[in-house]
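We have chain G already, so just place chain W with the ligands on it with the hints.
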Amino acid sequence: MLTRDHVSFDLENGEGILTARLSGEIDHHTARIFREEIDRALLRETPRALTLDFSGVGFMDSSGIGLIVGRLEMAREIGATLTLSGLSQRLCRLLELSGVDRLCGIVISKSTEREDLFHETEIRT
Amino acid sequence: MRRKSEPKNHMSCELRAVSVNESVCRAIIGVFLAPENPTATELADIKCAVSEAVTNAIVHGYGAGNEGIVYLGAEIYPDRTVRITVRDKGKGIEDIALARRPLYTTDTSGERSGMGFSVMESFTDRLRVLSRPGAGTRITMYKRLS
Ligand SMILES: Nc1ncnc2c1ncn2[C@@H]1O[C@H](COP(=O)(O)OP(=O)(O)OP(=O)(O)O)[C@@H](O)[C@H]1O
Ligand SMILES: [Mg+2]
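Quick note, the sequences are listed as chains G and W, same order.
The opening residue of the first sequence carries number -2 in this note's numbering; numbering runs sequentially from there.
The opening residue of the second sequence carries number 171 in this note's numbering; numbering runs sequentially from there.
So that you can see chain G by itself, here it is in the shape it has in the complex:
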């Protein structure tokens, strides 16, 4: 667990699946912190799948889109898939707006577990 500014996340690595739980606000200021921590873990663990869990994210702007696209490229480099989970309706709107979903082949489907979290999203790399 790491806490700096309003940002915290932890990483789970089992069966080659790395899950990064992002929480707090994702803007240009905090994106750098997320980026550094995720990339460090990616290079250390070289998982076959990376999941970014956004269920704890209260705010995100286009810096978050850049963060996702950048991690997609990192994942591709090491041959890992990327899945986005816990996206709120608002975050989905931002992803759709940016066309990142089309660019990356994101699949948006309804989450059944929690009402306030709408989507489980998979990016096929």
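Keep in mind the hints are simulated off the structure, nothing from the lab.
Everything numeric in this text was worked out from a predicted model, so none of it was measured.
You may find that some hints are simply not true.
[Claimed, not checked] Facing chain W, a subset of chain G residues (Cβ under 8 Å, in silico): (1) D24; (2) H25; (3) H26; (4) I30; (5) I62; (6) G63; (7) E70; (8) R73; (9) L94; (10) S95.
Even glycine gets a Cβ: it sits at the ideal position worked out from N, Cα and C.
Coordinates of chain W with the ligands only, in the frame set by chain G:
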């Protein structure tokens, strides 16, 4: 959408162009608009649009390591239209129409998506961009609260 009437409230402030002030600007605009009771979506839209404009001033206007001031202003009109201004005295934009295109970015780090202007456009009712190379950029956004 030029307002003939006087604003019923206004504010303006100056902040150092450092990234920590992106969240500070979102908080300021949130507090300023609170008495108007905007909906959660309206507030989130406005905060996101402000965040985009302020980030652009810091990242592109001044650039990393450069000193500068970001000017944030807001006015509320009797018809509940909010006008927000974000201004920098940075390097300015050569081709505004090009800069406003979705996915257009001059960033080379691979960490920017070129979606800032598109976000500002879709989360507000109207976006005006005034800029002069070498002089700076002024972003004006309008949004009418329900
Ligand atoms: N205040 C500014 N001063 C100088 N150039 C700017 C300013 N704002 C925007 N620009 C230029 O316009 C381009 C597009 O801006 P936009 O916010 O849409 O995308 P971005 O900032 O590059 O990426 P993103 O916002 O998705 O992280 C920028 O890459 C930059 O070249
Ligand atoms: Mg931007």
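Going through the hints against the structure:
1. The closest approach between the C-beta of D24 of chain G and any C-beta of chain W is roughly 5 Å, which is under the 8 Å cut-off, so the hint is satisfied.
2. Satisfaction of the interface hint for H25 of chain G is found here, the shortest Cβ-Cβ separation to chain W being roughly 5 Å, below the 8 Å cut-off.
3. The interface hint given for H26 of chain G holds, since its Cβ lies 4 Å from the closest Cβ of chain W, which is under the 8 Å cut-off.
4. For I30 of chain G, the suggested interface contact is broken, since its CB lies about 11 Å from the closest CB of chain W, more than 8 Å.
5. Interface hint at I62 of chain G: satisfied, since its Cβ lies 4 Å from the closest Cβ of chain W, which is below the 8 Å cut-off.
6. Hint status for G63 of chain G: holds, given a least beta-carbon distance of 5 Å to chain W, under 8 Å.
7. Restraint check, E70 of chain G versus chain W: the minimum CB separation of about 7 Å is within 8 Å; hint holds.
8. Hint on R73 of chain G is violated. Least Cβ distance to chain W is approximately 12 Å, over the 8 Å limit.
9. Taking 8 Å as the C-beta cut-off, the interface hint given for L94 of chain G holds, the closest approach to chain W being about 6 Å.
10. At a threshold of 8 Å, the smallest CB-CB gap from S95 of chain G to chain W is about 5 Å, leaving the interface hint in force.
Of the hints listed earlier, those the structure fails to meet are numbers 4, 8, in rising order.
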